[in-house]
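Read top to bottom, the protein sequences are chains V and H. In this text, residue positions in the first sequence follow the working numbering: the first is 1, and each later residue adds one. In this text, residue positions in the second sequence follow the working numbering: the first is 1001, and each later residue adds one.
Mixed in with the good hints, there may be bad ones.
As the list claims (entries may be wrong) - Dumping the calculated DSS-like pairs for lysine-lysine here, alpha-carbon to alpha-carbon at most 27 Å: (1) V/K11 to V/K52; (2) V/K26 to V/K11; (3) H/K1052 to V/K52; (4) V/K26 to V/K52; (5) V/K52 to H/K1011; (6) H/K1052 to H/K1026; (7) H/K1011 to H/K1026; (8) H/K1052 to H/K1011; (9) V/K11 to H/K1011.
Just so you know, the hints here were simulated from the structure itself, not pulled from any lab data. The structure presented is a predicted model; accordingly, all values stated were derived computationally and were not measured.
Protein chains: 2
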Amino acid sequence: MSGFNVGARLKQLRLRATLSQRELAKRAGVTNSTISLIEQNSVSPSVSSLKKILDAMPVSISEFFAGEQTSQERVFYRASELTEIGDGQLSWRLVGARRPNRSMSIIHERYPPGADTGADMLEHEGEEGGVVVAGTIELTVDGEARLLTAGDAYYFDSRLPHRFRNVSDSECVIVSANNPPSFSDGSGERHHH
Amino acid sequence: MSGFNVGARLKQLRLRATLSQRELAKRAGVTNSTISLIEQNSVSPSVSSLKKILDAMPVSISEFFAGEQTSQERVFYRASELTEIGDGQLSWRLVGARRPNRSMSIIHERYPPGADTGADMLEHEGEEGGVVVAGTIELTVDGEARLLTAGDAYYFDSRLPHRFRNVSDSECVIVSANNPPSFSDGSGERHHH
DNA sequence: TGTCCTTGTTGAAGATCCTTGACGGCATGA
DNA sequence: TCATGCCGTCAAGGATCTTCAACAAGGACA
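Please put together the full structure from these sequences, using the hints given.
Structure, rendered in structure tokens:
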């Protein structure tokens, strides 16, 4: 039912990196036994352990499970099916998140009043652009700020430092695209007890 | 280090599905306490538990971690400055038309009632996707038709024959993107969306 | 042969996850 | 006001994951 063989997948990646169980364990900060048991599917590792192990290869967790996606190339997405990649404050809903080798990221973005991508400017490879669908947004690119309202648009080289901020008192909605596909994610830390 | 907030992500998905901790737990075959502890990052769930929970939404494990990937001229356009490339019946307004070596075409599209890209299906290189902002559109891709309404989205390989048609009695608005850009600047040749 | 290194496996002990069964808070409604 | 129901949280203990430490098998070298 699981449909995904964690042990086999780990072994495959480990061998691809030409690492022994012990060597991988050492880099990952776990014991060789852990690797052994996981590879035999004798246990189902915790996400935290799995992540430690993958980080040592390195392979992202998302990549680890990449084979799990049914490789289906979907065309239609209901609004509720878009993949939320926002941080709780602002909402970014990605179209076709699971699509393999997507050439663009198309995102339905909602910025409540006060929402802000942060004073430390974003910078990454590629190009991005979008259209403001509703509300007002303050967009700063390379030091130049502008207020955009419904119907206005933007397009810039993503290497230029940029920032989105809703300085109005109503929600702002944007549909954006960027190429090559990239998106960041809020971060957090797990704690022990 | 973790860089990925499992608890917040689970909560986000659960709320999107409008499920309580108890209801999700019931469907997943775990207890509500498990959900609670995971959402608080008090524990790092085992992969098997996480999978049971996600299966109940349903969300693939790959999708769960989709946001985990690390991220890595003229900028502003007033609505009136977008370049109209429609045919008089429907309106397509291109963002950054004159930008050299643009990697995408982002288009603000308006389809009045009855508007139609034509019975002879469009086919061209690249990929395209978009979000329906208002109204309803009938999108046919590779023989399969679907009605999309505000908030819905699509993404497909542009080589598949496709057609957009507004079969409702109100205007439909879409923001779309395609890559590589199918439209060069304002001059002459238009090839199709 | 013998030693030394590496490999992956495994039982028992320890650490963590998960469930049981409670609790208080906040609604709805008798 | 009290009952009912659903919400999310939490302590304790059982279930599972992870480590520790030992083991056997194989290769390299003398």
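Hints versus structure:
1. For the given pair, V/K11 sits about 15 Å from V/K52 by alpha-carbon distance, which is consistent with the 27 Å threshold.
2. Of the supplied pair hints, the one linking V/K26 and V/K11 holds, its CA atoms being roughly 16 Å apart against a limit of 27 Å.
3. The suggested pairing of H/K1052 with V/K52 holds, with an alpha-carbon distance near 22 Å, which does not exceed 27 Å.
4. A hinted pair counts as satisfied when its Cα atoms are at most 27 Å apart, and V/K26 with V/K52 qualifies at roughly 11 Å.
5. This hinted pair checks out: V/K52 and H/K1011 have alpha carbons roughly 23 Å apart, not beyond 27 Å.
6. With a CA separation close to 11 Å, the supplied pair H/K1052 and H/K1026 stays within the 27 Å bound.
7. For a cut-off of 27 Å, the pair hint linking H/K1011 to H/K1026 stands: about 16 Å separates their Cα positions.
8. Between H/K1052 and H/K1011, the direct Cα distance comes to roughly 15 Å. Compliance with the 27 Å bound is thereby established for this hinted pair.
9. Note on V/K11 and H/K1011: the hinted pairing is violated, with a Cα-Cα distance of about 31 Å set against a maximum of 27 Å.
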